[in-house]
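A.B. asks: Line by line, the protein sequences are chains A and B.
Position 239 of the first sequence, counting from 1, maps to 239 under the UniProt record's numbering, and the rest follow consecutively.
Position 289 of the second sequence, counting from 1, maps to 289 under the UniProt record's numbering, and the rest follow consecutively.
Hint data in this document are derived by calculation from the structure and do not stem from the laboratory.
A quick note: this is a predicted structure, and the numbers were derived from the prediction, not measured.
Relax, there's no trap hidden among the hints.
Which bits of chain B does chain A cover? Going by a derived footprint, with three or more residues having C-beta under 8 Å, they are:
#1 7 to 16
#2 92 to 105
#3 115 to 124
#4 243 to 256
#5 273 to 281
Built from N, CA and C at the ideal position, the CB exists for glycine as well.
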Amino acid sequence: MTSRLSGRTEVRIAPRTQLPAEPDAGSTRNTPPARPRTARRSVSASRGRTLPVAIGIALAAGALITAFPFFWMIASSFKPQREAVQYPPSLLPQAPTMEYFVRLFTELDFGRYFVNTIIVVFIGFVGLLLMAMAGYAFAKFDFRGRKVLFFFVLATMMIPIQVTMIPTYLMLNGMKLTNTLVGIALPTLVSGFSVFLFRQFMSTIPTELLEAARLDGAGEFRTFWQVVLPMSGPILAVQVVLTFIAGWNSFLWPLVIASDQQSYTLSVGLALLNEQIARNPSLQMAAASIMVVPILIVFIIFQRYVVQGFALSGLK
Amino acid sequence: MRTRLTPYLFVSPAMILLIAFGIVPILIAAVISTTNMNISAFMNWGNVKFIGIDNYTKLFADPAFWNSIGNTALFAVVGVPAILVLSLAVALLLNHSQNRFFQVLRSFYFIPAITAIVAVSLVWGYLYNTQFGVFNYLLSFVGIGPVQWLSDPTLAKFSVGLVAVWRGTGLNIIIFLAALQAVPKEYLEAAALDGASGWKKIVSITIPLLRFAIFFVGVTTTISWLQFFDEPFVLTDGGPLGATTSASIFLYKEGFRLNQFGYASAGSIVLFAIIAVVTLVQLRVKGNDDD
Numbered sequence: 001m002t003s004r005l006s007g008r009t010e011v012r013i014a015p016r017t018q019l020p021a022e023p024d025a026g027s028t029r030n031t032p033p034a035r036p037r038t039a040r041r042s043v044s045a046s047r048g049r050t051l052p053v054a055i056g057i058a059l060a061a062g063a064l065i066t067a068f069p070f071f072w073m074i075a076s077s078f079k080p081q082r083e084a085v086q087y088p089p090s091l092l093p094q095a096p097t098m099e100y101f102v103r104l105f106t107e108l109d110f111g112r113y114f115v116n117t118i119i120v121v122f123i124g125f126v127g128l129l130l131m132a133m134a135g136y137a138f139a140k141f142d143f144r145g146r147k148v149l150f151f152f153v154l155a156t157m158m159i160p161i162q163v164t165m166i167p168t169y170l171m172l173n174g175m176k177l178t179n180t181l182v183g184i185a186l187p188t189l190v191s192g193f194s195v196f197l198f199r200q201f202m203s204t205i206p207t208e209l210l211e212a213a214r215l216d217g218a219g220e221f222r223t224f225w226q227v228v229l230p231m232s233g234p235i236l237a238v239q240v241v242l243t244f245i246a247g248w249n250s251f252l253w254p255l256v257i258a259s260d261q262q263s264y265t266l267s268v269g270l271a272l273l274n275e276q277i278a279r280n281p282s283l284q285m286a287a288a289s290i291m292v293v294p295i296l297i298v299f300i301i302f303q304r305y306v307v308q309g310f311a312l313s314g315l316k
Numbered sequence: 001m002r003t004r005l006t007p008y009l010f011v012s013p014a015m016i017l018l019i020a021f022g023i024v025p026i027l028i029a030a031v032i033s034t035t036n037m038n039i040s041a042f043m044n045w046g047n048v049k050f051i052g053i054d055n056y057t058k059l060f061a062d063p064a065f066w067n068s069i070g071n072t073a074l075f076a077v078v079g080v081p082a083i084l085v086l087s088l089a090v091a092l093l094l095n096h097s098q099n100r101f102f103q104v105l106r107s108f109y110f111i112p113a114i115t116a117i118v119a120v121s122l123v124w125g126y127l128y129n130t131q132f133g134v135f136n137y138l139l140s141f142v143g144i145g146p147v148q149w150l151s152d153p154t155l156a157k158f159s160v161g162l163v164a165v166w167r168g169t170g171l172n173i174i175i176f177l178a179a180l181q182a183v184p185k186e187y188l189e190a191a192a193l194d195g196a197s198g199w200k201k202i203v204s205i206t207i208p209l210l211r212f213a214i215f216f217v218g219v220t221t222t223i224s225w226l227q228f229f230d231e232p233f234v235l236t237d238g239g240p241l242g243a244t245t246s247a248s249i250f251l252y253k254e255g256f257r258l259n260q261f262g263y264a265s266a267g268s269i270v271l272f273a274i275i276a277v278v279t280l281v282q283l284r285v286k287g288n289d290d291d
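The task is simple: from the sequences and hints, build the whole structure.
C.D. replies: Here's what the structure looks like:
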């Protein structure tokens, strides 16, 4: 990845120090994270100070508007119900309470929904391995039927769940998998888009390396496990995050397949909470927070991989 | 060791699942759409009868179906450009600097894209509330009376669409930022030496180089609008008076509330055909563009 700071047009005021690497770049491990202060000054020197500041302010305003619903959600989840429905609304809870979080887990069955959701996400990780294997084969082997199969992979990216949900429901009903977590996870275990991303990444692994492993006597699966997978760290990280997010958030399919409270995921429990409990915004906001906060944590930790992964996927 | 079977061993688990849950269901849907299949099939499969294209004739005569298609088309026609322009603009601005402050701002814009639609729709429903919602409170400062965000049929379309736009931009900003990293700095520097302004550089160099990303975002955003479901389901359940019933909501209600599997399958095949045609047209336009 090129550093955007190595430019001819830039006036370097500060003595030439080590170029600050982009935080997104994967290869920053050896270089100490240089403070980008010197570079920032040189960029501004060439462009003037006002434009970046104006852009920064506009973006900050937009970011605050974007994040406001989340702020409101978390603040309201601590408001007593009376306070949550008062007018004019207050920004922060006057008498904060944890009552609604407790009620979700005691009176309602959110503990079970939470565990169910985690199980669905972990079943999804099995699919990750299968998709990596398929991506590898499409990237590094030439075999009869490859083109047709890869066409199927791309075609399924286009097919919406709305088209397949009735037949899939009937199929899973025939297999007695309705109202099971496996039934929730199975249809989305493999996605065309992820196979495509794996193939894009793995075609950049040098074939010589694979040949060397084979010459050393490694079997095909061992080559995959010990050479290909370790080299695919960045794309695996992206896919783990995407799989987690997709499994955690998925709604329409769990709604269709889970009609019994025992197999509700958080999203289904949350949506039906909306219908059942007429007007208790505090309880709803507490439930929404339980669903959103884990994703925020995962995202904050893995954020750079997501951006990097899209950069790697050949979307240029 | 390396046999001709090897690649098949690697692809088959994924391909079996992909074909079983991606390709085969379409064929089954096509078959079901020619039958009168409904809930009675679960008691006795003998109740399922072949009825030819009756479902399709009924569907095309159903005003509720056309209403849902019309709503979906409206959402796509307004929503795709909105998301495209907004996410490209934010990405260009975010790309302006790599400093820590901008890095932090990035995350703010991504958050809506990764959080559960169900949860955030609920939050928006609360913000939109007519009696104690924040939006009406804020509007009261500028002297605008209570707005019926979700109960006025015309306004409800806008309210539901706004949530989807708010949500849809984040992922596309990521895609555009990734693509922006691949724009060769030499081009921009050469242009700067020739005296091109920042705006001119964006219009003449950056945007043409982002053509593939713009195309990709355009196609995926169109497809996602054609599948629009979660926001209207949670916020309005398709109402008021069907104003926010998307094609997906129509199919869900026919299929799983009314248990008209045959009828809903016919609708899903029509939706699939629409998505396929729209995508192929976009691909064709893109193809000509390259010549």
